[in-house]
Amino acid sequence: MEPFKKLSAIAAPFPQKNVDTDFIIRVERCTGTPREQLGSHAFEMARFLKDGSPDPDFVLNQPRYRGAQILVCGEFFGTGSSREMAVWALAGMGIRCLIAPSFGQIFYGNCFQNGLLPIVLPSTQVDALMKQAEAGKTFDVDLEAQRINGAQPFEISARRRKMMLQGLDELGLTLAMEPEIAAFEAADRARRPWIYP
Amino acid sequence: MAGRTLFDKIWDLHVVDELGDGMQLMFVDRHLIHELSGHRGQLEIARRGLKMRNPELAVGSMDHVVSTAPGSRGGNAPWADKIIETFRAEGKKSGMKIYDIGQDGQGIVHVVGPELGFTLPGTLLVCGDSHTCTHGALGSLAWGIGTTELVHVLATQTIVQQKPKKMRVDFRGAPARGVVAKDLILALIGKIGTAGGMGYAVEYADEAIRGLSAEGRMTVCNLSIELGAKVGMIAPDQTTYDYLKGRRHAPAGAHWEQALAHWKTLPSDADAKFDTEHAIDCASLAPQITWGTSPEDVIGVDGRIPDHKPDALAYMGLAAGKPIAGTKVDRVFIGSCTNSRLPDLRAAAEVVKGRKAAKHVQAWVVPGSWRIKQDAEAEGLHEVFRAAGFEWREAGCSMCVAANGDYVAPLERCVSTSNRNFVGRQGPRARTHLASPAMAAAAAIAGEIVDVRGF
Ligand code: SF4
Numbered sequence: 004m005e006p007f008k009k010l011s012a013i014a015a016p017f018p019q020k021n022v023d024t025d026f027i028i029r030v031e032r033c034t035g036t037p038r039e040q041l042g043s044h045a046f047e048m049a050r051f052l053k054d055g056s057p058d059p060d061f062v063l064n065q066p067r068y069r070g071a072q073i074l075v076c077g078e079f080f081g082t083g084s085s086r087e088m089a090v091w092a093l094a095g096m097g098i099r100c101l102i103a104p105s106f107g108q109i110f111y112g113n114c115f116q117n118g119l120l121p122i123v124l125p126s127t128q129v130d131a132l133m134k135q136a137e138a139g140k141t142f143d144v145d146l147e148a149q150r151i152n153g154a155q156p157f158e159i160s161a162r163r164r165k166m167m168l169q170g171l172d173e174l175g176l177t178l179a180m181e182p183e184i185a186a187f188e189a190a191d192r193a194r195r196p197w198i199y200p
Numbered sequence: 098m099a100g101r102t103l104f105d106k107i108w109d110l111h112v113v114d115e116l117g118d119g120m121q122l123m124f125v126d127r128h129l130i131h132e133l134s135g136h137r138g139q140l141e142i143a144r145r146g147l148k149m150r151n152p153e154l155a156v157g158s159m160d161h162v163v164s165t166a167p168g169s170r171g172g173n174a175p176w177a178d179k180i181i182e183t184f185r186a187e188g189k190k191s192g193m194k195i196y197d198i199g200q201d202g203q204g205i206v207h208v209v210g211p212e213l214g215f216t217l218p219g220t221l222l223v224c225g226d227s228h229t230c231t232h233g234a235l236g237s238l239a240w241g242i243g244t245t246e247l248v249h250v251l252a253t254q255t256i257v258q259q260k261p262k263k264m265r266v267d268f269r270g271a272p273a274r275g276v277v278a279k280d281l282i283l284a285l286i287g288k289i290g291t292a293g294g295m296g297y298a299v300e301y302a303d304e305a306i307r308g309l310s311a312e313g314r315m316t317v318c319n320l321s322i323e324l325g326a327k328v329g330m331i332a333p334d335q336t337t338y339d340y341l342k343g344r345r346h347a348p349a350g351a352h353w354e355q356a357l358a359h360w361k362t363l364p365s366d367a368d369a370k371f372d373t374e375h376a377i378d379c380a381s382l383a384p385q386i387t388w389g390t391s392p393e394d395v396i397g398v399d400g401r402i403p404d405h406k407p408d409a410l411a412y413m414g415l416a417a418g419k420p421i422a423g424t425k426v427d428r429v430f431i432g433s434c435t436n437s438r439l440p441d442l443r444a445a446a447e448v449v450k451g452r453k454a455a456k457h458v459q460a461w462v463v464p465g466s467w468r469i470k471q472d473a474e475a476e477g478l479h480e481v482f483r484a485a486g487f488e489w490r491e492a493g494c495s496m497c498v499a500a501n502g503d504y505v506a507p508l509e510r511c512v513s514t515s516n517r518n519f520v521g522r523q524g525p526r527a528r529t530h531l532a533s534p535a536m537a538a539a540a541a542i543a544g545e546i547v548d549v550r551g552f
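First to last, the protein sequences are chains A and B.
Per our numbering, residue 4 is the first one in the first sequence, and the count goes up by one each step.
Per our numbering, residue 98 is the first one in the second sequence, and the count goes up by one each step.
FYI, nobody ran anything at the bench for these hints, they're computed from the structure.
Glycine residues also receive a C-beta, built at the ideal position from the N, C-alpha and C atoms.
It is possible that some hints are incorrect.
[Claimed, not checked] Facing chain A, a subset of chain B residues (Cβ under 7 angstroms, in silico): (1) D114; (2) D118; (3) M120; (4) D126; (5) H249; (6) A356; (7) A358; (8) H457; (9) V498.
Chain B extracted, bound-state conformation:
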């Protein structure tokens, strides 16, 4: 038999039935639910007189519309409180576990799934959110779904899918100092474009990926959707097992041993075939930063602003031909499901330590989960940020999507560790530059876009 990929092995294990025409009915092992898309789904199954089929295979958290203002314990507006209340009440009725605001386990779904050990290698995991691809970092087959599909999963624990094609991306060589997970994936998106991964399940492989922490791998997989791919994944290895062992929802005892034996069979066979392959030479990469209104509009921080997208430049208020470094910034946002985990906050704090944010910059740090916030505080990271004039906030999505009232003001420029620099994403007419946590921290200190390698 021809070799099979990581993706094939997990996919094949989850086919309930062939529906013809290349469509398959797939069993869902893990359903992550957040209040914003989740509450609509809950109301819809109730309206149809249906019940949640497997509440024990779901976990919920509050993230999109929670207020992240320091000390806050709810939504930031009556409509947000109503969504939270609906989600809580319907969740309770269904019997599913919801990690509520202020509880250990609450946070951005794509942060808490792995943190709780709910996300596991070899599982099929879905969530009503496009960045569900993040969970592929632990060797889970995971993708984002729409509201109607969410209702389908709630009621049947299955999803109808067409098998995508397979792509492998090799990240070769070891990246230089100052070049991190975010830079690797942004460089790939810059190279093959936001449609480069369309129709593919992508596997990230090779030296630079193996060298990443579990959290770094989550950053890489998080941006798969920005590559046009619904699925991005990394084969599980010792880093994965060490990360998962002992986590609250992870298997324990005999189940851990059984699971581990299974997980070790998952990596792609040496002779497995992919439909497309790409490679990135990591040793030659500079820290990356976006200049336009699509994640593919990205250059090294030592580069000059290109001229091929005049509309994007007009929106961003930038002139072609100039170096991107030296561009004045108004805001810095360190957070989101891309870069809000403990190693991200540590990397930012290391840059910030003993320095002060530029006077004209408003800088925020928003931990990805309640747990991360506690752990960071135990290390004193919050003091480092506060001493530098940064705001230290509660866990949630915050300024990544501006659904909770955390906005970048019109025409303001923000260096953000999130994943989307779309027109209006961080607020109407807001200008977003995507970069790594250390790059964002450095921009806050310098008051302008700056090469973190010089810090």
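Isolated chain A (complex conformation):
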């Protein structure tokens, strides 16, 4: 996984509330579409007109937000289905950081598995950042210092922060814990034999 340390990029305002993962990536794209191509289908219901051309009203189609790598979002972004393709689609269109008052819980976890940094801030602070995004400001996100634009602090679990900073993969870390897992399983087999067929 690509480490995430600092990011300086355009931030696009995305104030819609309850953006669900069905809306981020349609289920048909979760079936056969290769992961690398998902980015071109992100938000397709809003991003394209019926004839397939880009809808000029969609924020990421506007020239000023071209190349945006940060989305400032409305509350409960990424609600709904567990599909990780929603994260892959966002990453595929170049998004590396999301800022919102809250996220769908499964989506939030999925972000960390893919080097996409989800930042939770109180609504008033997200609103202030939303205004800056609307003004077309470039944002600086510093994960090491846990600050946005040098001023706005944010919280993140120390473990997840370290994994993002170093680009560590959770599976690699857990595989190294096989002795602990085996010991747990052996004890558990004695304690709850009915679990094991």
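Knowing the structure of chain A, use the given hints to seat chain B with the ligand on it.
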């Protein structure tokens, strides 16, 4: 020691190690796998040169992309057949059990897990699907995971989690006739919103929950994710034990007795503390129906359409202030992991019996599993539906997610027993109203949204 909740007791039993910072490595007892998210996971562990650690603790089924067209025995398109074939072949290599299309045991993962007795009280169960919360109905600690986590479970039989906070919801009083499990949970979502349960493991309790069948409890827990909660659960009791006894994967003999003794220790202690509590007065509830594009956009069927979400109303083609009853419908879908079990089909059939669906309505019944389909047919339910002009289909997810080509056409209005009324969920520009099976059946007969209590 302070009292512990059902959730605490199960959680604590599964901690393999503390990872610091509130994160824990948890042992997974039960892994349910479906073809759509599962095949990606299988290919990924193969790509990494890893193996499935505990195939004996997993069960697979085909549901998302299978065709539910009557008589069908595969996917509905070449890409779907390819996914099914991959899942089958990789499953075989790993040694895990897969219930294939046309077999007793195939169906929607959240229907067959309990049906097979694979889902058990006190177990930690995961599945690459957000409605895994359904299994909490039997007192299992269960939640949905993403693809990367799925790979992690396949390879290590563990998952990394942060302990959520705890919420209890008391469903007080006995619901009136015509008010069922679906109405209880929709009313709760309407009250506290789709973010109301965020960050919580929710326990549903009290009189109205105790009065539900095991299947009704599954409907309640199924919509926990629509409350923003990854986990929703109900303490096991005699209803749970009676439901599970004798099922194919359930423990038997001495193991059953040992398990039962353990399960009886699981309910929350009387002095257990929750971080948040809510209550719903069930006696005063009307049958519920959604009007907007989020499950929290819900009212009693005798109510009027609210005006606070103009975008949702525009999408739904509805006018604020009007009664929701009387809204013309084009489609009815009875199915999904929320409401496709035998008692659901019986409730719908009872409404339909001796009547005919309105001419302009296309109505479908999609049983949740192969077994349910057989059992329903043995009772003659399929004849009741067919005689009324409903289509009786094969088991699968079908029009709940429209991944298999079962769509609601653009701008058509569907009363659906599923769990999501999101923009485009049942097909591009499709309009979805969530309701109970009896309410959906009544809408098909009347050709419009109607109060089932008048039927
Ligand atoms: S029935 Fe619908 S909600 Fe349930 S698992 Fe299938 S697609 Fe998901």
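Here is what the structure says about each hint:
no.	hint	result
1	D114	holds, 5 angstroms
2	D118	holds, 4 angstroms
3	M120	holds, 5 angstroms
4	D126	holds, 5 angstroms
5	H249	holds, 5 angstroms
6	A356	holds, 4 angstroms
7	A358	violated, 10 angstroms
8	H457	violated, 26 angstroms
9	V498	holds, 5 angstroms
Figure legend: structure checked against the earlier numbered hints; hints not met, in rising order: 7 and 8.
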